[in-house]
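Chemist: The residues making up each chain are set out below.
Protein chains: 6
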Amino acid sequence: MPQPGHVTRLREADESQLPEDLRPYFQKCRDKLGFVPNVLRAWLLRPEKLRTFIRAYDELMLGPSGLSKLEREMIAVAVSSWNSCYYCLVAHGAAVRKLSGDPQLGEMVAFNYRVADLPERQLAMLDFAVKLTERPYDVGEADRQRLRDAGLSDEDIFDAAEVAAFFNYTNRVAHAVDMMPNAEYHALGRANQ
Amino acid sequence: MPQPGHVTRLREADESQLPEDLRPYFQKCRDKLGFVPNVLRAWLLRPEKLRTFIRAYDELMLGPSGLSKLEREMIAVAVSSWNSCYYCLVAHGAAVRKLSGDPQLGEMVAFNYRVADLPERQLAMLDFAVKLTERPYDVGEADRQRLRDAGLSDEDIFDAAEVAAFFNYTNRVAHAVDMMPNAEYHALGRANQ
Amino acid sequence: MPQPGHVTRLREADESQLPEDLRPYFQKCRDKLGFVPNVLRAWLLRPEKLRTFIRAYDELMLGPSGLSKLEREMIAVAVSSWNSCYYCLVAHGAAVRKLSGDPQLGEMVAFNYRVADLPERQLAMLDFAVKLTERPYDVGEADRQRLRDAGLSDEDIFDAAEVAAFFNYTNRVAHAVDMMPNAEYHALGRANQ
Amino acid sequence: MPQPGHVTRLREADESQLPEDLRPYFQKCRDKLGFVPNVLRAWLLRPEKLRTFIRAYDELMLGPSGLSKLEREMIAVAVSSWNSCYYCLVAHGAAVRKLSGDPQLGEMVAFNYRVADLPERQLAMLDFAVKLTERPYDVGEADRQRLRDAGLSDEDIFDAAEVAAFFNYTNRVAHAVDMMPNAEYHALGRANQ
Amino acid sequence: MPQPGHVTRLREADESQLPEDLRPYFQKCRDKLGFVPNVLRAWLLRPEKLRTFIRAYDELMLGPSGLSKLEREMIAVAVSSWNSCYYCLVAHGAAVRKLSGDPQLGEMVAFNYRVADLPERQLAMLDFAVKLTERPYDVGEADRQRLRDAGLSDEDIFDAAEVAAFFNYTNRVAHAVDMMPNAEYHALGRANQ
Amino acid sequence: MPQPGHVTRLREADESQLPEDLRPYFQKCRDKLGFVPNVLRAWLLRPEKLRTFIRAYDELMLGPSGLSKLEREMIAVAVSSWNSCYYCLVAHGAAVRKLSGDPQLGEMVAFNYRVADLPERQLAMLDFAVKLTERPYDVGEADRQRLRDAGLSDEDIFDAAEVAAFFNYTNRVAHAVDMMPNAEYHALGRANQ
Chain A
792 MPQPGHVTRL
802 READESQLPE
812 DLRPYFQKCR
822 DKLGFVPNVL
832 RAWLLRPEKL
842 RTFIRAYDEL
852 MLGPSGLSKL
862 EREMIAVAVS
872 SWNSCYYCLV
882 AHGAAVRKLS
892 GDPQLGEMVA
902 FNYRVADLPE
912 RQLAMLDFAV
922 KLTERPYDVG
932 EADRQRLRDA
942 GLSDEDIFDA
952 AEVAAFFNYT
962 NRVAHAVDMM
972 PNAEYHALGR
982 ANQ
Chain B
792 MPQPGHVTRL
802 READESQLPE
812 DLRPYFQKCR
822 DKLGFVPNVL
832 RAWLLRPEKL
842 RTFIRAYDEL
852 MLGPSGLSKL
862 EREMIAVAVS
872 SWNSCYYCLV
882 AHGAAVRKLS
892 GDPQLGEMVA
902 FNYRVADLPE
912 RQLAMLDFAV
922 KLTERPYDVG
932 EADRQRLRDA
942 GLSDEDIFDA
952 AEVAAFFNYT
962 NRVAHAVDMM
972 PNAEYHALGR
982 ANQ
Chain C
792 MPQPGHVTRL
802 READESQLPE
812 DLRPYFQKCR
822 DKLGFVPNVL
832 RAWLLRPEKL
842 RTFIRAYDEL
852 MLGPSGLSKL
862 EREMIAVAVS
872 SWNSCYYCLV
882 AHGAAVRKLS
892 GDPQLGEMVA
902 FNYRVADLPE
912 RQLAMLDFAV
922 KLTERPYDVG
932 EADRQRLRDA
942 GLSDEDIFDA
952 AEVAAFFNYT
962 NRVAHAVDMM
972 PNAEYHALGR
982 ANQ
Chain D
792 MPQPGHVTRL
802 READESQLPE
812 DLRPYFQKCR
822 DKLGFVPNVL
832 RAWLLRPEKL
842 RTFIRAYDEL
852 MLGPSGLSKL
862 EREMIAVAVS
872 SWNSCYYCLV
882 AHGAAVRKLS
892 GDPQLGEMVA
902 FNYRVADLPE
912 RQLAMLDFAV
922 KLTERPYDVG
932 EADRQRLRDA
942 GLSDEDIFDA
952 AEVAAFFNYT
962 NRVAHAVDMM
972 PNAEYHALGR
982 ANQ
Chain E
792 MPQPGHVTRL
802 READESQLPE
812 DLRPYFQKCR
822 DKLGFVPNVL
832 RAWLLRPEKL
842 RTFIRAYDEL
852 MLGPSGLSKL
862 EREMIAVAVS
872 SWNSCYYCLV
882 AHGAAVRKLS
892 GDPQLGEMVA
902 FNYRVADLPE
912 RQLAMLDFAV
922 KLTERPYDVG
932 EADRQRLRDA
942 GLSDEDIFDA
952 AEVAAFFNYT
962 NRVAHAVDMM
972 PNAEYHALGR
982 ANQ
Chain F
792 MPQPGHVTRL
802 READESQLPE
812 DLRPYFQKCR
822 DKLGFVPNVL
832 RAWLLRPEKL
842 RTFIRAYDEL
852 MLGPSGLSKL
862 EREMIAVAVS
872 SWNSCYYCLV
882 AHGAAVRKLS
892 GDPQLGEMVA
902 FNYRVADLPE
912 RQLAMLDFAV
922 KLTERPYDVG
932 EADRQRLRDA
942 GLSDEDIFDA
952 AEVAAFFNYT
962 NRVAHAVDMM
972 PNAEYHALGR
982 ANQ
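Protein chains in written order, with the numbering used here: chain A, 792 to 984; chain B, 792 to 984; chain C, 792 to 984; chain D, 792 to 984; chain E, 792 to 984; chain F, 792 to 984.
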């Protein structure tokens, strides 16, 4: 499988720059995924920031939460779709395919989540996430109430908001440096297709 | 000085929830600022996320960088202005006033940075930050080149992009939960005014 | 206090150009405010227009109306915030601080009026003003009815509409000529802060 | 010719409310046009404002200026087209047809001025007016310079800006109250068509 | 009546290029309208496409449908107004004037259909058409239900959607090649004015 | 492979409604693709329109043109991406994968064509197509000139414009009726992935 020609349009950081304590993390990526996600190689240009990014990201997407990992990935993809972020659509679209076992759901959320036949809980989350992305100043109590009515606790609302907000951050870093996803993502989770 | 009626519209977290290791951090805030910024009290609802947020934030805004602290705060405020984020405009507008010793500069960046008579280096940063906020998919090599021409290294470009992107995250969390700034911010850095 | 470097980016009009009958008006400004607002010095480039502008403006903002002076200033600031008009945000933000005796209210309306805990009458006015600014063709009977329900007479609705509309005019003249506010505005009404 | 069913959606003001000194003005309208423009009947709800509006309007559109009356009307129509203001498109579209003697020019400016084969001077004015309408905060020195290059003096730039800005005001009052133009406008200036 | 200087900004196709079987069609235009609409002369650059365009267009606008020809023309004009398409506003604005016998209705739909006092059936159609034009991804079941409530069958909804969608196509071809309407359209249907 | 639950949200047309002369066409679809594309089953609700649609579509996408079939499909996908059209992104994304033999190119054009390393000829086409989609009234001579400079003849420019415009039509019909693509598309052209 051909690798994309670049990781970012900035100077490519050398892995020798990788701090000692993060080496096991890169190794774990290689063991589990077969590769180090390019987002980490991009952040490696600034090793201290790589460390805080990894911690924040892992807590956000993998830590304990009232939102399932799939729900968090769906929010990530719906936001990335609004922002047309190629990196995140490829990498997190793959995650939705894998976690859901439903490749078409991955396509739907990446292209236009409104066409998916989602339960109200998930539709409410994605509507919230996209409104927060497009017109954040218009989000108000009615939007939070819809999430509560769908069964979310205050902690869950915080988590949904934070995931949506966080991908408005990573999407923009990816755009700013023209970050390209690893080619391996494309094939992930397509078994049933 | 009257305190605003709420920190967020979600359940207010009790400080007893604050993890042991973060207590010195809150204490340092009280010592240096006289108060704990409401953004921390908001995140306290999810203590593990508070920890990763503090680390990422401190590295981003206070860590070593080719961008001065003032420049990072100016990017933060210009982005928050586009997103109409009250919390960040108040808190980081105060920081621009303080770090620059120029209260009018704080107002300019918060209301419309284009009216300020900025050196090209800073104007290029703010134009980059706001374009990345408004139409991230349109940012390209020409935009990066303008930053290079203004003297930014690749590391500096990464830092400028990350600060701009990060405030697209915090702005949206603030909007999502209706986060209110501490009243104390309003008076900060207005001495010369 | 340093004066901003320019009044506008057009030729600065000489006060000798000021028509005889408007001299007492400029004098009154100096007596009451301590300075002649730059908006008047900008318009002085076209003395006949200065005269009609002053009359229209004074009737609009100071004449008898079912809307209080503070309410009119709040509309002015909310519109100027949508339009990112530095001049009007500084000058009329000061007026909101002074008339309300509440500096934080001034900041809220200037940054994002939606965060303020306003009575429905004032919230309805500001929602109307901003919708009229952003998507004027979408304003319809339902929007007028909300104002009626909040207690506004037809004359009041006209006044609210006219203030909102008028600042869409002054904001644009200010942007067109890059008009800078007098430095003195920044300190006004900040006593309680 | 049938009259539209309403002047505005607010209470219709009685002409007995018309101040003594404005009666000759209404009479002059009837003598010259055959009718009183509905915009005046709309403003009659607030007679003091009617007086200042007439003065400002007449100075703006009929007073001495480096811009011809036709040029001012063209700016008015291009702005009203962006804002989809029915009243102003009908009333000022008629003025463009009449003043230019070219009904198709009237249609072009009302529907999309970019299709008209305009001299650079007028194209620059309309581009300036529409940019000032759509994204006022993006207007800068390059936009003013283009007007200068097309032969406009600083006074002319002020006048072009003010006409464009003023119709952002009248368009919004018209939308706010659902103002309908007099039926007579439709036939004006269509002789050559 | 002067003809506009160009049909499109591309090479003007020679009528000798017109396929044999389409000659009667052009002749019928000359007999009925007095001229060949420029849209056909524009498409003549690609004769095979001209043939399929004519067939699709005639079926769409003149074929049997639960929507009257006037209703289809009103949709065409409301869409063209949103897209600022000069060609279609002139040519189909004339059709609305003629089919309705109401020149002011033609102006209203071309400038801002919201000001017209339309029955709910037609207002619902135009709201649907313009929403489908502006934010197609936001159209959903509630929008279709409003059409059903106004009496439209599923076939009628399809037809309304297709007309709105089709003019998003022709508007864009017209913009892409700078297509100018025949001068004759301007006078059509203005008899009552 | 599970079929999506619906073809459209309108009454599903019965294939008995299919006109005699179109039966071979449906049969050819079954022979070549293994299924009848849902777009045809959607249009079957209006059989006369189905016939003109098929003719126009086949001429547009399969007929002789200076643009390759792949180039036309790339334009289709870039436009559909801007419009978030799930049906067209799935069906034509598959076509780009198949015609190019490069599944990642299909993803790039569907998610954000700007990240692809395209030759200027194709980049110019896609920039043109997306500008024509987003702000059609801003397309002008400079945009056409860029296409000419990239080697397109006037006929090619017409074809590029028409494909872009046509998908603004089909995207909107798909949104209007909530059209779902056949499940089979998802697996097409993924062999190399």
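Honestly, I wouldn't trust all of these hints.
Because identical chains share one entry, a pair is satisfied inside a single copy or across any pair of copies.
Straight-line Cα separation of at most 25 angstroms, SDA-like style, residue types lysine to any residue; simulated pairs [as the list claims (entries may be wrong)]: (1) Lys840 - Asp934; (2) Lys860 - His797; (3) Lys889 - Phe817; (4) Lys819 - Leu909; (5) Lys922 - Glu850; (6) Lys819 - Gly931; (7) Lys840 - Gly857; (8) Lys889 - Gly825; (9) Lys823 - Asp918; (10) Lys840 - Gly980; (11) Lys922 - Leu809; (12) Lys860 - Arg802; (13) Lys819 - Asp945; (14) Lys823 - Asp940; (15) Lys819 - Asp918; (16) Lys922 - Asp947; (17) Lys840 - Gln913; (18) Lys823 - Tyr928; (19) Lys819 - Trp873; (20) Lys922 - Leu813; (21) Lys860 - Asp940; (22) Lys922 - Arg939.
These aren't lab readings, by the way, just hints derived from the structure by calculation.
Chemist: Hint by hint, note whether the structure agrees.
Modeler: So, going through the hints one by one against the coordinates:
1. Lys840 - Asp934: The answer is between: 23 angstroms across copies meets 25 angstroms, while 33 angstroms in one copy does not.
2. Lys860 - His797: neither (29 angstroms within a copy, 29 angstroms between copies)
3. Lys889 - Phe817: within (21 angstroms within a copy, 35 angstroms between copies)
4. Lys819 - Leu909: For lysine 819 and leucine 909, the Cα distance exceeds 25 angstroms both inside one copy (34 angstroms) and across copies (35 angstroms).
5. Lys922 - Glu850: within (24 angstroms within a copy, 29 angstroms between copies)
6. Lys819 - Gly931: neither (41 angstroms within a copy, 33 angstroms between copies)
7. Lys840 - Gly857: between (28 angstroms within a copy, 14 angstroms between copies)
8. Lys889 - Gly825: within (16 angstroms within a copy, 27 angstroms between copies)
9. Lys823 - Asp918: neither (33 angstroms within a copy, 39 angstroms between copies)
10. Lys840 - Gly980: neither (30 angstroms within a copy, 29 angstroms between copies)
11. Lys922 - Leu809: neither (38 angstroms within a copy, 31 angstroms between copies)
12. Lys860 - Arg802: between (33 angstroms within a copy, 24 angstroms between copies)
13. Lys819 - Asp945: neither (34 angstroms within a copy, 28 angstroms between copies)
14. Lys823 - Asp940: Classified as neither; 38 angstroms inside a copy, 41 angstroms across copies.
15. Lys819 - Asp918: neither (35 angstroms within a copy, 39 angstroms between copies)
16. Lys922 - Asp947: within (17 angstroms within a copy, 31 angstroms between copies)
17. Lys840 - Gln913: between (32 angstroms within a copy, 22 angstroms between copies)
18. Lys823 - Tyr928: Neither, since 40 angstroms and 31 angstroms both go past 25 angstroms.
19. Lys819 - Trp873: neither (31 angstroms within a copy, 37 angstroms between copies)
20. Lys922 - Leu813: neither (36 angstroms within a copy, 33 angstroms between copies)
21. Lys860 - Asp940: within (21 angstroms within a copy, 41 angstroms between copies)
22. Lys922 - Arg939: within (16 angstroms within a copy, 28 angstroms between copies)
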